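First to last, the sequence lines map onto chains A and B. Going by UniProt numbering, the first sequence opens with residue 1, and the numbers climb by one from there. Going by UniProt numbering, the second sequence opens with residue 1, and the numbers climb by one from there.
Honestly, I wouldn't trust all of these hints.
[Claimed, not checked] Simulated pairs of lysine-lysine, DSBU-like, Cα-Cα distance not exceeding 35 Å:
no., chain 1, residue 1, chain 2, residue 2
1, B, Lys57, A, Lys120
2, A, Lys292, A, Lys366
3, A, Lys120, B, Lys33
4, A, Lys276, A, Lys428
5, A, Lys192, A, Lys457
6, A, Lys200, A, Lys157
7, A, Lys192, A, Lys120
8, A, Lys157, B, Lys57
9, B, Lys33, A, Lys157
10, A, Lys192, A, Lys221
11, A, Lys457, A, Lys329
12, A, Lys366, A, Lys221
Just so you know, the hints here were simulated from the structure itself, not pulled from any lab data. Computed from a prediction, not measured in an experiment: that's the story for all the values here.
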Amino acid sequence: MPNTNAIKTRAIHTGIPGLDEILHGGIPPGAVVILEGEPGTGKTTIGMQFLVEGAVSFNEPGIYITFEELPEQIYEDMSGFGWDLRQLERENKLRVICMEPDILLDQMLQPNGIFEAVVKEIGCKRVVIDSISLFRMVSTQEHARNNVYTIRNIMRKHNLTSFFIREYAELAEMNIPFENYICDGIVRLSLKPLMEKYRKRTIEVLKMRGTRIMEGEHTYKFLNQGVYIVPSLSMAEDKTLTREKEVFSTGIDTLDELLGGGIPRGSVFMIDTNSKANYRYLMSSIYAQRIKDDDCTVALMSGNTPLDTFADTIELFGVSLREAARDGKAFFIEHYRRAVDSDLEKAMIRVDKVANDDYAQVLNDKLGPIFECEDTCDKRWFVYYDLNTIISERGRDFLLRYFAEEMSMWRSLGITIVVHCNFAEIGKETASFLERTCNGVIRTWVDGNYQYLQVTKSPSGRVSAPHIIANAPDEPFVQLI
Amino acid sequence: MVAESDVITLQMECTLFFENNPYAIETSSGLSKRLGRSQQVTERALNRLADMSILEKNGDGLRAIYRYRAPYVQTEVDLSAYD
């Protein structure tokens, strides 16, 4: 029996570079998606690329139905991208059909009509209709709505994933078009001004049932092989860190997603907070998750948070810091003379009386044997470093001298480091130096009534949009919206 | 009255159209608009092509639709057995 229910979950890959990334994998099978744009935005090209990629890369034959354009013109135009549509037709992987809108509907409604026959003949999986605006022109609003609704249902019945092309200019001043309610997705193509004299092409997914989307406008270009979309907030990827490297979870699912899975092992990440932002749960979640995953940890303690308080917070995540300290899996670098209980004391590396000139040497002398100890030498190490403490206790000049060298040495040992700092307090120059030294930067700040979080640098090259940090009732007690 | 020469000309135009657009599905009205010819002559030409089995006709009257019966063409022959 054909599927008449809601869309299934497996994604149909569009094959259009960048679009699947924006759609977190692709379009849900059987979805009917409106592809709208002004003349010249590339609707036909994107529609045809969806079919060509389906036929060539995924063995999913497709049908292109055109009401106005002649197939021979389309064959000619698309040959510019190296697509031999006639050859694909000979291989029964594609049909470019021209007919009038009412004939299409007639044939679709007939059992064993021409539409159904062609779908069966080539085992069709994808359809593009160019364009549904014609239904609006040849009939009343009510008829047009019924017709588009019927066609959508037929697409779903045959489980055909489809693009319905729609002219955008004619709709710009109308109320919300009825197709927007009927269809499963809306993709809009636009031409926007760029640097006064230029124009850029942008694509935006306004709606897509059954899958998450990367929101916002993304730039696309016509290349020799078709349309190429560059998802927004994309930067160059650091292949040395992302290639086959293991990533670990921050304990916050939504943050892991922004980071492309988590924090790569052996990287240095900076958490930049402004004075109002609460970073306690964010940092505690990352730290607690390391202990849960059986990593060994070193934490350079903040002046604001005594170790007892830190232990209490970590306990909320189901982790006993005292137990980790007893097991030799947690060590603490302490700049202040603060008393702790005996379990924690044996894990303390006290540096309150160590002069700046001796600091690196003392730390290396203390940590070296710990890293190389028989019990822990085969463990993975994680270091949390509160740079605000270093700045307040040892000064900015010391930080600039010491930081890059120390991070480089720890990274060479395969240690993952998360550093906490307040960029606004340390000045632009120092902040940009630290940002350069780190592989990733997570910013969190309070603006108005909300606290935000944004990944502004990551080894994957992915930069996120700002997300609101909302409270959550259960561990990790925060979520990104 | 439609001249025979006009119908023959239209037969050639229609054949060429379907040759170039082998998966077109047209009514006489639709095709006459694409070719810029009168519907009356186009319909006669299409019916003749259907009689000659060059086109397939479904339905009758103005709603009749025409599709191309693409001739079978062998484009590749394996002669290795005769080497």
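Hint check:
{"no.": "1", "hint": "Lys57/B / Lys120/A", "result": "holds (20 Å)"}
{"no.": "2", "hint": "Lys292/A / Lys366/A", "result": "holds (25 Å)"}
{"no.": "3", "hint": "Lys120/A / Lys33/B", "result": "holds (30 Å)"}
{"no.": "4", "hint": "Lys276/A / Lys428/A", "result": "holds (19 Å)"}
{"no.": "5", "hint": "Lys192/A / Lys457/A", "result": "holds (27 Å)"}
{"no.": "6", "hint": "Lys200/A / Lys157/A", "result": "violated (38 Å)"}
{"no.": "7", "hint": "Lys192/A / Lys120/A", "result": "violated (42 Å)"}
{"no.": "8", "hint": "Lys157/A / Lys57/B", "result": "holds (27 Å)"}
{"no.": "9", "hint": "Lys33/B / Lys157/A", "result": "holds (33 Å)"}
{"no.": "10", "hint": "Lys192/A / Lys221/A", "result": "holds (13 Å)"}
{"no.": "11", "hint": "Lys457/A / Lys329/A", "result": "holds (30 Å)"}
{"no.": "12", "hint": "Lys366/A / Lys221/A", "result": "violated (55 Å)"}
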